[in-house]
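Top to bottom, those sequences are chains A and B.
Position 386, counted from 1, in the first sequence is what the UniProt record's numbering calls 386; the numbers after and before it change by one each time, with no gaps.
Position 40, counted from 1, in the second sequence is what the UniProt record's numbering calls 40; the numbers after and before it change by one each time, with no gaps.
Keep in mind the hints are simulated off the structure, nothing from the lab.
For each residue, glycine too, the CB sits at the ideal point set by N, CA and C.
Errors might be hidden in some of the hints.
[Claimed, not checked] If you want the footprint, here are the derived chain A segments under chain B, 3+ residues with CB under 8 Å:
1. 31–38
2. 200–210
3. 230–244
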Amino acid sequence: MPDDLNWAIGGEAGDGIDSTGKIFAQALSRAGRHVFTSKDFASRIRGGYTAYKIRSSTDRVESVVDRLDILVALTERTIDENLDELHDDSVIIYDGERTEMEDVEIPGDMTGLSVPLQRLAEEAGGAIMQNIVALGAACEVTNFPIENLDSALEKKFGNKGESIVSNNKEAARKGQEFVAEEYDYEFDYDLDTTDNDYVLLNGDEAIGMGAIAAGCRFYAGYPITPATDVMEYLTGRIEQFGGEVVQAEDELSAINMALGAARAGARSMTATSGPGIDLMTETFGLVATSETPLVIADVMRSGPSTGMPTKQEQGDLNMTLYGGHGEIPRFVVAPTNVGECFQKTVEAFNLAEKYQTPVFLLADLSMAVTEQTFEPEVFDMDAVEIDRGKIVDDDEVEAWTDERDRFQPHFSTADGISPRALPGTENAAHMSTGLEHNALGRRTEDTDVRIEQVDKRNRKVETAKEEEDWSPREFGDPDSDNLVISWGSNEGAMREALDYLDEEDIDVRFLSVPYIFPRPDLSDEIDAADEVIVVECNESGQFADVLEHDALTRVKRVNKYNGVRFKADELADEIEAALQSEEVRA
Amino acid sequence: MSSEVRFTDFKSDKQPTWCPGCGDFGTMNGMMKALANTGNDPDNTFVVAGIGCSGKIGTYMHSYALHGVHGRALPVGTGVKLANPDLEVMVAGGDGDGYSIGAGHFIHAVRRNVDMTYVVMDNRIYGLTKGQASPTSREDFETSTTPEGPKQPPVNPLALALSAGGSFIAQSFSTDAQRHTEIVQKAIEHDGFGFVNVFSPCVTFNDVDTYDYFRDSIVDLADEDHDPTDREAAKERILDADKEYQGILYQNEESVPYSDLHGLDSNMADIPDGAPEGAMDLVREFY
């Protein structure tokens, strides 16, 4: 068997699936193994099927695959739900002593390990630890040193007292011993450990960490799946750095509070998901025309309307790219993995202040709730550089005043970026408004001034195009005539798909684009390729539209919109089919 | 600068385009005087307004200001004040702005008790859209969109504020310059959310709630035996639909503003050139 292990625990929401999964993921990470997690969950608090899945290897893992090796099934439905991914060598751990599980049938040639989870947990000090018993059993099946699990349990329960920790360790031991004693054959799995140090976190946490690192001190938001983790991460942490999280009464309030804090000079952000973005749209234009730096994270989920709140989609690209009445300059940045959620958040704050305009951070559910391991250097705090742009101090104000000594916050400069005076700066008091205004910030309907200000604001984008690096990342065979392009979180699955395609002798050049606007001009690459495929988690191909428009050509599309992210092997099949297909959707 | 500040320093060089005789002139003058009297200057003052006639105030005053979108001025003011506690934040709105589209924000701003001043220019009509019923319009007030009157009771903003836990609830009349200024001044001085509903008559579209009407019917709490710290007495007066009061209806002198409760005392605009000290601990948490 490969060292690449796919493990899952599934049951009903409320069964502690999430925290159990996280403990095992932590144990694997602490043992120097790479981890990539995913979740199947429904929009409900208790009941219904839910699962936490872990893929782990000593090599980097960046995607989920269609294979499940070990399943801890707390309910019979868990087995049914995962039938497609289970295979003959799969091991299913379940509690055959529980009435509802005693007649469970183990499909095919799979190995069923009936472990009395509840009874053993009670022996160790309480039924609540039954999932930990299952983790101990999983350690035995995979020859995984249980000390790593101990270490994760200490981290998880350390602050609850030594007896809780030791009871949990005992519960795990009971699970391990039970399997060792009752099942005396060799399992195929053998998890190696390494001396590597990894950190394990999800995209929302990485966004929150990036925000603090970048000097964000004010966050206002309203809870919504799957963006809430950003707010929960910041709560209790940002205060340690002199900041504040405000749970606003709604999304309209959240973005306006964040705007207010930004006008006062704080690095400020809000995060939400599709329905919240809709509500915030009113204020996009105000942020842009008042030239206020603001970071707005959209952690996308399936839409439209309330759609499928716990499922993956990349359907808001058009919304962030075009949302709001009138036309406004904006940046749209789409991190492609969890580590990049950190780096791109830092970058978003710099872009916002340098260019004094809204920056959309376009993340998605699969990245937001995915825990992934990284070398700690990915989150290098020493590498964080803060660029606050053209803030003028008391002495510089005079250079930007008009003939009547009035400060001109919207002065039309050559690069489109105006001087910015934070409140408190002497002799620079001024108004900003969403009404079209002159250099002073005062309302105008003068046609020439209107054109001057619109052009000025748009010039910022031209400046940014020249000054910043918007390049895509390149993978695969640089000389291939087959070009695949994706954006956001598809990068990991696509990188692994390249390996599958390679096994089929199909060469592909892959460009992963983290910038939607401004974005790289891929016209030459598109022209040069025989086949161009754009991969995205939506139905219409929103990025494909954009690229076709840019390059004035038609591209093939691979789209997924059932609410689940791409899997590497599945994606490889789709790419292969698209390459062979004659059809290009009009 | 503050010792020499006069209220005219808060005037911009832009002439208001409000209708001649509009109540908003007096409301604004009182705000400027109150700001000057409380030792503020344009460089440390931030005025936020929404849309409508009231929303124009940022243009006519000289200070740091934001003219935002309809009904959302209070959240903006909240963000400004929490980010920089050194700023004097004044939010201006109208009855439509504050009690209709912004009603949700109003209730929550009252609850949040951020140390800022909220002045509502209440003319009981939509002026800038040319005369439709507002949330404070009378039940039988005939307008272009309510030919037989709204047929629903007007919002009682003071009652809303009291029920939401308001710590400073006052009402004034824009043309009574001295009292209005004094009341706004008290709102500024209050530690917490100072709310002043100002009768600011619309001379063009409202022929019911006129200067004469208010002059004849207003009862000044200074002439009454009213203790503003007595919440029950405040409740009784606020719920008395037959009276138009001027003065401080309620003030909680024990009020602790949001920033104090949350320990916010620094200017969030001050940040280091790189990641803050201690940021590596954030990474270590995930080992």
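Cross-check of the supplied hints:
Coverage of the stretch 31–38 of chain A by chain B is violated. Counting CB-CB distances below 8 Å, 0 residues qualify, and the rule asks for three or more. Closer than 8 Å: that is the beta-carbon criterion, and the stretch 200–210 of chain A has 4 residues meeting it against chain B, so the requirement of 3 holds. Residues of the stretch 230–244 of chain A lying with their CB closer than 8 Å to a CB of chain B number 7, which satisfies the three-residue condition for coverage.
Going down the numbered hints, you'll see the structure goes against just number 1.
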